[in-house]
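Work from the hints to combine the two standalone chains into their complex.
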Amino acid sequence: AQKITQTQPGMFVQEKEAVTLDCTYDTSDPSYGLFWYKQPSSGEMIFLIYQGSYDQQNATEGRYSLNFQKARKSANLVISASQLGDSAMYFCAISPHDYKLSFGAGTTVTVRA
Amino acid sequence: DGGITQSPKYLFRKEGQNVTLSCEQNLNHDAMYWYRQDPGQGLRLIYYSQIVNDFQKGDIAEGYSVSREKKESFPLTVTSAQKNPTAFYLCASSILDTSNTEAFFGQGTRLTVV
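Note that the protein sequences, when read in sequence, are chains A and B.
All residue numbers for the first sequence refer to my numbering, where the first residue is 2 and numbers rise by one.
All residue numbers for the second sequence refer to my numbering, where the first residue is 2 and numbers rise by one.
What the hints contain is simulated information worked out from the structure, not anything from laboratory work.
Heads up, some of the hints might be wrong.
Computed Cβ-Cβ distance ranges for the label pairs, DEER-style [as the list claims (entries may be wrong)]:
| hint | chain 1 | residue 1 | chain 2 | residue 2 | range |
| --- | --- | --- | --- | --- | --- |
| 1 | B | Glu16 | A | Asp56 | 46 to 54 Å |
| 2 | B | Ala82 | A | Lys17 | 44 to 52 Å |
| 3 | A | Pro10 | B | Ser23 | 41 to 49 Å |
Cβ atoms here follow ideal geometry from the backbone N, Cα and C, with glycine treated the same way.
With the rest of the complex left out, here is chain B (with noise of 0.2 Å):
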């Protein structure tokens, strides 16, 4: 079946340590995406890629980081850098095409700061 496959689905990292989270597809979708969001608020994007070895910035990128080295796979490190790094992090990803780019989602990764 094609889908969105995020993973883990629960994480806890300790103060001052790196975490990736895995983001893989296999839907053939150009465009991904990575959203942030806090208990009872909407979706934050963190960074999003149209193509391989290419990705911006989204509204709240600072302390993360991502690559795109293969089409299938947009994985995030969340950094030390990240000073409040709790919450849901969602992955998502959508062809590109002007009349319709309805994006799918993950299931999402929790991640607790211990």
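Bound conformation, chain A alone (with noise of 0.2 Å):
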């Protein structure tokens, strides 16, 4: 079984600062992939970015980009330059080889003017 792990309930970042969300995982499968989504107040689930088990390079995706550390099973998701239309519930995910497709529990992140 596979377990996700967000330490951070919620969080305030100002306007066109950096903000990092945490996220931890626990999986015996080799091959997986990790995920981050964005839910925002209108409860609409929005892709935002993927990293593969296997990919060398940490994935970016625009002002978003992923800190995977494989060995210590973490996957940061960094938001540069924040709007505020960033601010939302983010939350990490993670599919194994069984495609069981699990969530963390989500940081909110609150952008300031």
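Listed below in structure tokens is the structure:
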């Protein structure tokens, strides 16, 4: 069984600054995918970024980047140049070889002007 | 347009009743998922399916049932055995590919027991 841990229930960040959201995971599967999703107050789930367990380089997508440390089982999301529209809940998720896609408890980010 | 459709958006249930939440996808995805989300909380996996006529229990399957008679459809029934069903329910689907199994989500159904 896999487990995702997000230890930061809420964070505040100043507009235009960077913020790092922590995610650690536990799985015995050697092959897995890690995902980050954003959930605004409307409730929709928006895919942000993906990292495969065998990927050699950290994933980047625009202002989003992943700090992937496989040995430490850590996949932290970095949001650079925060915008007011980044205020939302952010979820880390893992999908091992059996495709049981599991999510962490989430981190609420509030961007201040 | 391809996507996932959940219906209804809002649903009210009387205690002791079964209700069924609909989830349809036209993305030709093999895998489908149901999650429950309580206010301010994360997504908890109820059931998932990788192939027609087969599905697996997630972490909180008690009080729920599903079927997968067609690839496109994965309805969730909230039975009277689920003692606290008021929550936001999200359906998702994905391809079965070890390189990237990004899940696509529906807009969700808010279920309230009255």
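How the hints compare with the structure:
| no. | hint | in the structure |
| --- | --- | --- |
| 1 | Glu16(B) - Asp56(A): 46 to 54 Å | 49 Å, holds |
| 2 | Ala82(B) - Lys17(A): 44 to 52 Å | 51 Å, holds |
| 3 | Pro10(A) - Ser23(B): 41 to 49 Å | 33 Å, violated |
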